[in-house]
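Enquirer: Chain by chain, the residues:
Number of protein chains: 2
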Amino acid sequence: MNDRIRHPGLRAKRMSADDAAALIRPGMTVAMSGFTGAGYPKAVPQALAARMERAHGNGETFRINVLTGASTAPELDGALARAEGVELRLPYQSDPAMRERINAGTLDYLDIHLSHVAQHTWYGFFGEIDVAVVEVAGIREDGSLIPSSSVGNNKTWLDQAQRVVLEVNRWQPAALEGMHDIYYGTALPPHRKPIPLVAPDDRIGEPYLRCGPDKVVAVVETDAPDRNSPFNPPDAVSQQIAAHLLDFFAHEIQRGRLTPQLLPLQSGVGNITNAVLAGLASSGYRDLTAFTEVIQDGMLDLLKRGVVRVASATSFSLSPAGIDEFLAHVDSYRERIVLRTQEISNHPELVRRLGCIAMNGMIEVDLYGNVNSTHVAGSKIMNGIGGSGDFARNAYLSVFMSPSTAKGGAISGIVPMASHVDHTEHDVMVVVTEQGLADLRGLAPKQRAQRIIDRCTHPDYRPMLQDYFDRACRDSYGKHTPHLLDEALSWHQRFVETGTMRQ
Amino acid sequence: MNDRIRHPGLRAKRMSADDAAALIRPGMTVAMSGFTGAGYPKAVPQALAARMERAHGNGETFRINVLTGASTAPELDGALARAEGVELRLPYQSDPAMRERINAGTLDYLDIHLSHVAQHTWYGFFGEIDVAVVEVAGIREDGSLIPSSSVGNNKTWLDQAQRVVLEVNRWQPAALEGMHDIYYGTALPPHRKPIPLVAPDDRIGEPYLRCGPDKVVAVVETDAPDRNSPFNPPDAVSQQIAAHLLDFFAHEIQRGRLTPQLLPLQSGVGNITNAVLAGLASSGYRDLTAFTEVIQDGMLDLLKRGVVRVASATSFSLSPAGIDEFLAHVDSYRERIVLRTQEISNHPELVRRLGCIAMNGMIEVDLYGNVNSTHVAGSKIMNGIGGSGDFARNAYLSVFMSPSTAKGGAISGIVPMASHVDHTEHDVMVVVTEQGLADLRGLAPKQRAQRIIDRCTHPDYRPMLQDYFDRACRDSYGKHTPHLLDEALSWHQRFVETGTMRQ
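The listed protein sequences derive, respectively, from chains A and B. If you use my numbering, the first sequence corresponds to residues 1 to 503, in order. If you use my numbering, the second sequence corresponds to residues 1 to 503, in order.
None of these hints come from the bench; they were simulated from the model. Each hint should be verified, as a subset may be incorrect.
[What the hints assert, rightly or not] No more than 30 angstroms apart at the CA atoms, straight line, and that leaves these computed lysine-lysine pairs for DSSO-like:
| # | chain 1 | residue 1 | chain 2 | residue 2 |
| --- | --- | --- | --- | --- |
| 1 | A | K13 | A | K193 |
| 2 | A | K193 | A | K215 |
| 3 | A | K193 | B | K193 |
| 4 | B | K193 | B | K215 |
| 5 | A | K407 | B | K446 |
| 6 | B | K407 | B | K446 |
| 7 | A | K446 | B | K407 |
| 8 | B | K215 | B | K13 |
| 9 | A | K407 | A | K446 |
Build the full structure now, drawing on both the sequences and the hints.
Expert: Have a look at this one:
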């Protein structure tokens, strides 16, 4: 008796990953599960990559379009990229092999808001989904699916794909059952209704994914861990950034613009936001809430201490130690964590209603508050925009954070003009580096510029930036957003040519 | 008996515009009514400007911060700008005298999404509102206010201001009464609820503005028309743009991605969108809906013919002939037009729920689909972002339209890199010029670039743009979004130096 595959008809569809991969043919559009290294299929993509390599060895072309929730892991993005098997990839990714090919120009990448992926699929903007490959934690007697460690776009993939391949991963904790909230009330316009969620812990759906058993063409059993990157304790720069932001929160509470419960927190993935979470824990906050994308180790810790009361997300992204902690106290966490589809976790309607405090990293910000989250020197993709646009545009507070320099000081995080814009001057309220915090609310462009120079810029770059700004204020064609166009991108050009933005 | 001021207490507060203007002192933050040249105060701003000029003549400084709904008219923005009386202006404006000072660097302008203005005021991000100056069509017995030809932010101004000056404008049709729908269900997070609107014609509020009579410090009677710019019939270029878009709609209907009723239309103000509206009328469409900001002459015509069944907006912007038409058939129009506050007409929650088709003008678009709606050559403001971001980000379809050239061919509307970004590559689906239409949905950056070059670029600039793109694909630092940073803004720089982007 297989306790993870309790539907007899689906049990009968078990097969090897190789056989399941053989159902995917060149040119297909394949939608896969996976979000920030959790809940992605572990076996079929690797078997598929092996088939692609064999085909390429025989002089045949075998490439597919790959859609996911967000980033996955070497077993998926890495394997398919190294097999030269991806024609088009969307949305967010962070795999080194994939990134290398995107930036070499041999692989097309479509970087879109994470909340838009599902609806653009429903609208038919990406064409037909030929096959979905979705990891689940189990299959119930009635054929409904116990979601895995991420939900992402899985509801949409199962619903929209012509054929479905399920990976049932025994490694995923059986205790995940009941944590998920899959909302089936979405519709296409003009039939949409308000989404009935008014608090981060509201449950508005059901704990299982629906999937017609007839659609399922293969069930593959796996027993393999999620990516589980180890957790790095925050470094000094991240702690300084966090300290500035915590000072700001305290100031806003004092001014009466926030209560001590703040508002639902959204935090991007990474070192800086982990430092912010740690800082909240040590600053006496209690009963906060999170309405975010990802549950990291830091969030588990806050939940455990009661600093955060409830957290809504679409995925876990835990270290091995975080997994152990989660499993050891799973009954407590199950009550206080809700995992949703990513069109709900990131929905503009909900982000605006809840009034989230959106805290995201960035690559660079310019004098006027335009933020680049995705590109190095305007042309090389780093990862992607992820959900930062879903949250920042609609948040109560939009905060962007970065060290003031990168690459040992060769790159300034504050530049005259952003080399790519993902968040416009209209969407950026607060900028933080280890140097300080610039509150841009209510400021016109030149006021923003001086504040960013004074508060956020590294001393090594501050005179250069002040000099640019002063000369732009004197010589610019227009003086609303002063720029010297023949110099605005010269810092980036110097970096490309000499390896440093320094003069 | 004054039939427009039916509340005795408020009737007793009547005074001259000069006396009312004397209540506004230097340094104050003054919130005024007005949206696209409709419903702005006609008398107090001019009296205030005269006081400012006298003060400046005496060597005193008299400047204020001015908040509005959107653009107003010479009697407000023009008069205050010419009096050098504005310290900070927000949000959208389009006045020549104001623009001149903003671009001279002597007046600070904060260009923010129109749906954000009200909530940022509630949040306290703009500080205290000292005085509101709001035009109304009348005051009822109970002190409630009959809104004028625009609603804009008036609910917020009346609610948030310390003191209120009302202008009761007898010129405004009494028949406006009952057309408005003022929603009082808004709240600050964490107390927000879903907005109960599921169709453009849903009425979710009340027809009158509330205002505590004690707050009102002055009532000024006026009898003066709105700006009422004459309506220009669409030119040939606008008609070509409209024709491309109408072909696209027909194609989408054929593909089953739209029904013949389309989805609620949002259209920016101007010649091109008027041509689109006219094109819809002559293409056999019936029973369409509009969820937009402004009712222009073209929309009245569609309502009259039954092409559009109902239209939701926050303001009128009619020509003198349009006004006459409206008044002649006001009872019919009153049933089919709803005027809302601008935080509702432009609300992301509603735009996404309804699945609007957002059609907005632009200044330029770059190879990769980044749109500049606001700046000439990256530094000079034209008008502002208006509601285009509220709609484009959340629309079912986001369309940006422009002639392929401007200034007699000296400026290309398609450039290597946008000199300012208001709508990012993540938010732009369709680009249209008189040359053709580029459907960017589902395309990666380099695919977008080639399509925009092929379909939208003027033949005079096409070889230059193809040459840039080809060389960028060969020589760019990264090949995801190929750019040559030392050349990316050279077209704009050439325009600044020589008056043309041509080589």
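Enquirer: Now tell me if each hint is right for this structure.
Expert: Results for each hint:
no.	hint	verdict
1	A:K13 - A:K193	violated (37 angstroms)
2	A:K193 - A:K215	holds (28 angstroms)
3	A:K193 - B:K193	holds (13 angstroms)
4	B:K193 - B:K215	holds (28 angstroms)
5	A:K407 - B:K446	holds (28 angstroms)
6	B:K407 - B:K446	holds (29 angstroms)
7	A:K446 - B:K407	holds (28 angstroms)
8	B:K215 - B:K13	holds (11 angstroms)
9	A:K407 - A:K446	holds (29 angstroms)
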